[in-house]
Amino acid sequence: MEKETIGKDEIKEKKCYKVKIIVVGDASVGKTNIVYRFVNGQFMNEYSITIGADFFSYNLEFDDKIFKLLIMDTAGSERFRSVTRGYYKNCSFALIVYDITDKKSFNSIKQWIEECHNYANKNIHMVLVGNKIDLNEERKISKEEGKELADEFKMDFFETSAKTGENIEDIFLLICEFLSSNIDEGKYDLNDP
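For this note's numbering, add 556 to where a residue sits in the sequence shown, where the first one is 1.
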């Protein structure tokens with residue numbers, strides 16, 4: 557399924573749901589580029605540190621519903637961690653990102669999961685994302701290791717490349733698919749915007 561821009565008239569005609577998504581992980585794992593690639597279809601070659609959080613919004617149509625994705629790209633640096641904790645509130649999803657070429661970022665995943673459990677609502681759905689598969693020759697964490705950790709914590713799992721765009725849209729389509737089926741079954745009640 558291809559994502560497309562949705563006009564204001566279409567939004568008025570269909571059921572619209574607000575979905576808050578937080579993106580967490582160590583510094584330099586590619587969180588900003590994942591979000592930027594999804595929202596703008598581009599990769600940013602320059603690196604700039606996120607201070608606190610950056611906010612993005614994107615409307616995505618799925619199953620005759622429109623999901624207004626409110627995406628919070630948070631700082632991964634330890635010095636901003638206390639600020640980041642305030643952004644977990646009312647999030648339905650957390651993308652927990654590591655860099656497949658950086659063992660330290662993978663080893664931090666359990667801390668990020670613990671933060672989600674401590675600061676987010678109890679129903680938050682977590683997705684584990686191994687980024688930078690375009691650097692496969694520098695890989696330090698196998699796909700099997702990532703999948704095993706995701707299975708241990710009952711998380712969905714993706715390996716992505718923000719640089720090439722591989723699997724980026726799939727993450728957000730999974731979010732919409734999950735929400736749509738759960739809304740239809742009465743398990744989720746997202747307020748209209």
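It is possible that part of the hints are untrue.
[Claimed, not checked] Using 16 Å as the maximum straight-line C-alpha spacing, the simulated EDC-like pairs for lysine to aspartate or glutamate come out as follows:
1) Lys-659 with Glu-725
2) Lys-699 with Asp-712
3) Lys-621 with Glu-700
4) Lys-624 with Glu-733
5) Lys-696 with Asp-712
6) Lys-710 with Glu-700
7) Lys-699 with Glu-733
8) Lys-659 with Asp-712
9) Lys-570 with Asp-740
10) Lys-696 with Asp-740
11) Lys-574 with Glu-722
12) Lys-621 with Glu-701
13) Lys-659 with Glu-693
14) Lys-574 with Glu-617
15) Lys-703 with Glu-693
16) Lys-660 with Glu-694
17) Lys-624 with Glu-725
18) Lys-710 with Glu-670
19) Lys-571 with Glu-733
20) Lys-666 with Glu-708
21) Lys-666 with Asp-712
[Claimed, not checked] Restraint-style ranges between C-beta atoms, simulated for each label pair:
22) Glu-704 with Phe-611: 25 to 35 Å
23) Ser-613 with Glu-708: 12 to 22 Å
24) Ser-584 with Ser-698: 32 to 42 Å
25) Glu-704 with Lys-570: 37 to 47 Å
Treat the hints as calculated values from the structure; they're not laboratory data.
Glycine residues also receive a C-beta, built at the ideal position from the N, C-alpha and C atoms.
Outcome of the hint check:
Only pairs whose Cα atoms come within 16 Å are accepted, and Lys-659 paired with Glu-725 is rejected, the gap being roughly 25 Å. For a cut-off of 16 Å, the pair hint linking Lys-699 to Asp-712 stands: about 13 Å separates their Cα positions. For the given pair, Lys-621 sits about 34 Å from Glu-700 by alpha-carbon distance, which is inconsistent with the 16 Å threshold. Distance restraint check for Lys-624 and Glu-733: the Cα-Cα separation of roughly 14 Å lies within the 16 Å cut-off, and the hinted pair is therefore satisfied.
Of the pairs offered as hints, the one joining Lys-696 and Asp-712 is violated, with about 21 Å between alpha carbons and a cut-off of 16 Å exceeded. In summary, the hint linking Lys-710 to Glu-700 is supported, as the alpha carbons are separated by about 15 Å, within the 16 Å threshold. Between Lys-699 and Glu-733 the alpha-carbon distance is near 24 Å, which puts this suggested pair outside the 16 Å criterion. Pair hint Lys-659 plus Asp-712 does not hold up; C-alpha atoms about 20 Å apart against a cutoff of 16 Å.
Under the criterion of a C-alpha separation no larger than 16 Å, the hint pairing Lys-570 with Asp-740 is consistent with the structure, at around 15 Å. Using a Cα cut-off of 16 Å, the hinted pair Lys-696 and Asp-740 is violated, with the two alpha carbons roughly 41 Å apart. For the given pair, Lys-574 sits about 26 Å from Glu-722 by alpha-carbon distance, which is inconsistent with the 16 Å threshold. Of the pairs offered as hints, the one joining Lys-621 and Glu-701 is violated, with about 35 Å between alpha carbons and a cut-off of 16 Å exceeded.
The hinted pair formed by Lys-659 and Glu-693 meets the criterion: a straight-line CA distance of about 14 Å does not exceed 16 Å. Restraint check for Lys-574 and Glu-617: the C-alpha separation of about 12 Å stays at or below 16 Å, so the hint holds. Distance check on the hinted pair: Lys-703 and Glu-693 sit about 19 Å apart at the alpha-carbon level, beyond 16 Å; violated. This hinted pair checks out: Lys-660 and Glu-694 have alpha carbons roughly 14 Å apart, not beyond 16 Å.
Distance check on the hinted pair: Lys-624 and Glu-725 sit about 15 Å apart at the alpha-carbon level, within 16 Å; holds. Our distance criterion of 16 Å between C-alpha atoms is met by Lys-710 and Glu-670, whose separation comes to about 14 Å. In summary, the hint linking Lys-571 to Glu-733 is supported, as the alpha carbons are separated by about 15 Å, within the 16 Å threshold. In summary, the hint linking Lys-666 to Glu-708 is supported, as the alpha carbons are separated by about 11 Å, within the 16 Å threshold.
Straight-line distance between C-alpha atoms of Lys-666 and Asp-712 comes to about 15 Å, which keeps the hinted pair within the 16 Å bound. A C-beta distance of roughly 33 Å is found between Glu-704 and Phe-611, which places it inside the suggested range of 25 to 35 Å. Between Ser-613 and Glu-708 the beta carbons are some 33 Å apart, a value that contradicts the proposed interval 12 to 22 Å. One distance hint, 32 to 42 Å for the beta-carbon pair Ser-584 and Ser-698, is violated here, with the actual separation near 20 Å.
Taking the beta carbon of each, Glu-704 and Lys-570 are about 39 Å apart, inside 37 to 47 Å as hinted.
The structure fails hints 1, 3, 5, 7, 8, 10, 11, 12, 15, 23, 24 (numbered hints given earlier, in ascending order).
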